[in-house]
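From the two separate chains plus the hints, produce the assembled complex.
Okay, here's what each chain looks like letter by letter:
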Amino acid sequence: MPLEVRSTPTLAEAASLLQAERAARFLAGGTLVVRAVNEGDVSFSTIVRTSDPAFTRLRTAGGRIELGAGVTMAQILASRELAFLHPAARSVGGPAVRTMATVGGNLFAPHPYGDFATALLALDARIRLASGFGAREVSLEELLRGRERTPRPLVASLSFERPADPAAFRFRKMTRTRPKGPAVLTIAAWLPLSGGRVSGARVAFGAMAATPIRARAVERALEGRPLSAEGVAVAVAAAAGEGDPPTDPIASAWYRQRVVGVILRRLLLGEP
Amino acid sequence: MRIRKELFADERDDDLRLVGQPVRRQDIEGHVTGRTAFFDDHSVAGLLHLRCVRSTQHHARIRSIDTSAAERTPGVRRILRWADLPKKAHNILTIFDFGIDDEPALADGKVRYKGEPIVAILAESRRAADEAVAKVRVDYEPLPAVFDVEEALKPGAPLVNEYIGRNWFRYWGDYDCQQIRFGDVEAALRSADLVVSGRYQMSPIEHAPLETQGCIVVPAEDGRFTVYTCTQGLFFSLDNTAAQLKIESNRLHFVGGTVGGGFGGKVDTVVEPLAVLAAMLTGRPVRYVFSRAEEMQVSSPRGAERIYIEDGVMRDGRIVARKITHYHDAGAYSRLSTYGTIKSAAHHPGPYTIPNVWVDSWCVFTNRTPSSAMRGFGVTGGDFALESHMDVVARAIGMDPMELRIKNAYRDGDMKAHRKLTQGAALVECVQVAAELARWPLSEEARRDSSRVGGGGERARIPPTPTARTRAPGSTGTGARVEPARLGTGFAASEPRRGTTPLPGWTGGAGFPSSRPEPPRREAERREPPPEPPRPSTGGHGAIRFSSVFGSRRR
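Taken in order, these protein sequences are the chains called A and B. Take the first sequence: its letters are residues 1 to 272, numbered as in this note's numbering. Take the second sequence: its letters are residues 1 to 555, numbered as in this note's numbering.
Everything labelled a hint here was simulated from the structure, so no lab data went into it. Just so it is clear, CB atoms sit at the ideal spot from N, CA and C, and this is done for glycine as well. Be aware that a few hints might be false.
[What the hints assert, rightly or not] If the Cβ cut is set under 7 Å, some of the chain B residues that face chain A in the computed set are:
hint	residue
1	R127
2	E131
3	A134
4	S291
5	A293
6	E295
[As the list claims (entries may be wrong)] Below, a list of computed lysine to aspartate or glutamate pairs in the EDC-like style, where the Cα atoms sit at most 20 Å apart:
hint	chain 1	residue 1	chain 2	residue 2
7	B	K114	A	E39
8	B	K114	A	D41
9	B	K407	B	D383
10	B	K343	B	D174
11	B	K135	A	D248
Looking at chain B on its own, in the form it has when it is part of the complex (with noise of 0.2 Å):
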């Protein structure tokens, strides 16, 4: 490896003592002699093992659950319901007064997607909790189910989760996707020389680390508990675990260490709350460890993503116009979903300037394992539609690939569709070297251009935006009036933002009374009590813009 120092020598201080070198991994010495200690390396007196009973359909609302059998299996101590959470409902984002409260952590009277968990046994060993489950009876009434993003949408299409209301998440109080608007995109596709349209379908990914997620609970004699556990993020898990049981969070002593493989699948939280809760419930310690099985079936993966490109392209290889739609399954339940849809609005239409940009990002609930995080969960999956519609492209107007990349890259100073101003764009180098590893001819024109010409002056002017909202079939919308200057709509008036400015609209906070919880449709004969008023949010904070799941930054 070989790293290109003569490249933006001018912009960084030449002091890089690890990258490009080998380095032994601090950890890997405890991993290659078995002497790293793991969360299940935690050994405890006394422990009452949970194992959940899970659905064995995609959605259907529950009869009845007879845990009869169960309850008399030797060694079962107590069986966790719906009826017994703090909290009946919860989204680990709502911390941050973003999203809605969607996800039962057991099921409420209706399972969403198959493997939901619907009661939670504990019992003196995990043979005996196994056992258990396998005694319990669940009387199904089987609903039409949906597992495609676009069916989903469609009026008339069952409706997943009746705690969002509707099978797409609504942003901003009244936008039924997340929207980029920068130009007149339509008219430039109908004055393009070429339209280039293009489908792209992502599978779910599943992390599969080799440790399963779980946690081990020990109460301690001062009403604390101690949390072992494989979480990605500590206090993020801490505080989410603290929301749904309705405790202080220093009651929580979370203790992390060595994650054995995380890939963003073990943000979730999904195991401590019920660990906890059956400790506070019965006293003991707890633990509560995924199979492989649930692992694969029941832990969030990357969420499934559609991808429609349409770009409209000039013969000599500029691209005036991008229309792109993008679909996130986000399958039953939000986790992460509706921030992975920012994310991939945000990183649309790619690191290209074009001067008119029309992009939809949807969340969409389908009868699908809930996604969420994963590697660049948003990003990865645009990338594959982008970088493959820019082959298309090239070879619907017989240019070189690499060529077209050059031609289209971001320079130093170019707005982008965010209203952003580009800095320290290097995409053309890239390509230029990666051209010159591969011995891939390029021609004189392209191998002298470079990231830091040809930027600014007219690439930098913000076009007029015609800003239409796209609506769901059949949607009507809130009918919420969004005030344009706080959405950051209208931008030809607005001056060009620099360096860390949030994206336009991402206000938060109590300013959106539309972006709060509605109460979730119940059906009249549900026999279980319904669930509690949505949280009030607790406004007056102003602005937040994420910096990462774990934290959020104040503005």
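This is chain A alone, in the form it adopts within the complex (with noise of 0.2 Å):
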């Protein structure tokens, strides 16, 4: 059966075709469909993709960030007022990857891609799905658990509460090539201090399971406490103990397991 590409004026269209060709894959990007196309994947036959002027926008005006799935890393490289994602954006790929790469296709990047993901996985990003009959939200974590179900879920738009304070948010990408290897393993994390304690403390690891995840005993570890070598220590003790770590080229199991709390301390300390 010949590959068949199926244009759409609006999301809502391309989620029914979605919802009607079980094999059919969604396009954005194409940094992971159209690899997979040149490498003989013969699971789909279909290929959507949509022109909606909405999947592409970018909205940092509000309250809430919004963006379109169809955003790029380097939209996002592009736009100062997300600088505080910079170094998350900027972690995918190289300049070519990060011209094509979406937000929303980064959602459903393989172990161990998906370093956007974690990022917005630490700031706690809704997730609007696009459907035939309307749109639903739900959080990025439900999203992540359910991302190999299909008929997979089309993504429309993304958000997440405008940082009040930019600085409370941290990323680190640990890779075996710089600049721009596959994550050994990735942590993102939202620190926001109060009275110099932390206070509602969000922590994402990336390449520490099949999908990027919450580090919940890290994150209750760290709550009330100083960002101090004594204040982090229990949190750090706990890191190894989140995930379910793949073995794969880049690292073994036991390695990530081995180094998450390395990397967490020097995170947390702003250690170089």
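This is the structure:
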């Protein structure tokens, strides 16, 4: 069966096509789907894309920042409002990939990819799903849990609260090759301080499980503590117990579990 | 950058016009503007696309191959199997009368590594070919596999390659490994102040060219075939394709051009024979290009090498004995590993004058991806081991590692373990300059040393040498009598050789009855016809010496 490409003017129509045909894949930037086509993946025979302007819209005006799922890493890097997200966007591929790769696609990037999704997880992003019958919203965690299900949900946009203090957001990616290797692991953290103590921390790990995950034990251990060597000790010790890291050509599960605490400590203490 | 022209000024004409100068690559303009044409830029009407069904098993007998669903896939024109091959097994060095035809272009009833091609599908589109590939059902009977060179040499290890008949390549008729014997290593190790041992392991390395391997074959009305290819060795690949298809080489017209990255990974000639055969059988132009995953998994990497070194060292830093066992992991098929093994033996014991040297270099077969050429294969791995070991030795005797190298570096006029007098040695000067640039303190003695003094004399002597032959465990050899004079053993009596004398023993050709292929062991129940008897050696050429893999120099 030849591969068919179908373009739709709206996200709702794209969602209807995807729901109607199981052997269909949605194409945003193409850094995953086109690669699969090139490698002879015959598990899908239809590619659906959309020219809906909402898909690539980036809204930074209100209290919540809203990114169309088709916003590219290059668009993020071109936005001064989103400077705090630049390290995360820059960690995705090289310039050629970042020109095409989208924030929506990154939510579906298989392990060990998905560094930007890890950042969004720490920002507690909400996901707006398109469907033929209208839109609905889920949490990013919920989306990641069910992302392998077919038919895959179509992400229209995502949003998160504008950080009052962008410095409270921290991001680290450990790679074997710099600047753009796949992740040994990625850590993103939202660390608001109140009176010198952490209050309402969110910590996300990438490449430490099949999908990016929230590190809840680490978050609990940080609550009410200062970001000092003693203050973070319990959280650092808890890091290895989070997730179920895969063994792959980049690193073994054993290595990831041993190194995650080291990277977390450096991130929390602001060490190089 | 500065060229040290004062060094060896009298040994060369001072006419370097390019070394040290910034020079613009002649092809760079085409590359950066996207105008360079590669083989895949040839647009051909009516193209058929070739894709291979590949083994999911490391080692297995194939019970059956069901292609019925694949044949019914729209767009599929033909499926090639082992039975369609004009020559049932081939090795790219046998066109030089070296080695054994040991690799079928499509599986011969058994797969010996994961990713081995089993059948080839020809279809009107790449997509249709991929869909048909997914529909081929292969029934495997898994066999025990071996992945480690030393495990593979043990008696009772699974036999990887029946064409070879054992898990190691036998050199020169009756040598289980490539050997160097120079002086009495065992006696020297016994009398040394210290023996320093080390084990060094290389990993396979993929060349990862931007352009994956491939070719486009276009049949012409006159019965000839134009082959647009990215091979690194155009005429080497042409000759090998002709040999594998049993056609005259003048029926093939190979068109090269810019190779999109090679590094040694594009000489194996794995895509051209199948694509030309497909064009012959269908009368259609055929395109066969590796996907990125194929390039990474099934194109030959640099082989894994394991190197054991045992040095006898004196307190003053002289290395008096060096004993090396070097294992090359050829993977399931020879490709160029038989040659890489010879190269490693030719490179040991490194650029040092050591009076007693013993080297065994093994070409070992395992159920891993066949390895082959990559940037100084056989040599790079050896250097990693040798130079790592030099540092270990320096630490063991408390000597500066740079001084240790200068002390043991070969000098002009020294006899090498390969019975060749050293000429144009420059290691001492290289180390001195490196130390100077790194502000590494050297002793006055080391600073004043020179590659031109202290060599020759006693150091030019070939010591009395016991010539024990190493056997693989359980190996009894062929019993073939090998003339010592022809193999260059009994060196004590022979004259030092100079210049480009071939390696001792490299005589090749018809004189080595037991280096010819042995008929592969076959299972009685196999349904396919047995492979053809081995091609008779053409003989009569006399000695052959590789000047590169692309050619041989006949002497």
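> Does the CB of S291(B) sit less than 7 Å away from some CB of chain A?
Replying inline: Hint on S291(B): holds, closest Cβ of chain A at ~5 Å, below 7 Å.
> Regarding the hint that R127(B) lies at the interface with chain A, is the smallest CB-CB distance below 7 Å?
Replying inline: Holds - the Cβ of R127(B) comes within 7 Å of chain A, reaching about 6 Å at its closest.
> If you take the shortest Cβ to Cβ gap from A134(B) to chain A, is it below 7 Å?
Replying inline: Cβ of A134(B) sits 5 Å from chain A, so the hint holds.
> Given the hinted pair K114(B) and E39(A), is their alpha-carbon gap at most 20 Å?
Replying inline: Roughly 18 Å between the alpha carbons, so the hint for K114(B) and E39(A) holds.
> How about E131(B): closest beta carbon in chain A under 7 Å, or not?
Replying inline: 5 Å, holds
>> Just to be careful, I want the Cα atoms of K135(B) and D248(A) compared with a cutoff of 20 Å; is the pair within it?
In response: Answer violated: K135(B) to D248(A) is near 28 Å, above 20 Å.
>> K343(B) and D174(B) were given as a pair; does the straight-line alpha-carbon distance stay at or below 20 Å?
In response: 19 Å, holds
>> Just to be careful, I want the Cα atoms of K114(B) and D41(A) compared with a cutoff of 20 Å; is the pair within it?
In response: Holds, at about 19 Å.
> Hint check: is the beta carbon of A293(B) less than 7 Å from a beta carbon of chain A?
Replying inline: Holds. Min distance 5 Å.
> If you draw a straight line from the CA of K407(B) to the CA of D383(B), is it 20 Å or shorter?
Replying inline: Distance ~18 Å between K407(B) and D383(B) Cα, so the pair holds.
> Hey, does the E295(B) contact hint survive, CB to chain A under 7 Å?
Replying inline: 11 Å, violated
Checked against the numbered hints given earlier, this structure breaks hints 6 and 11; the rest are met.
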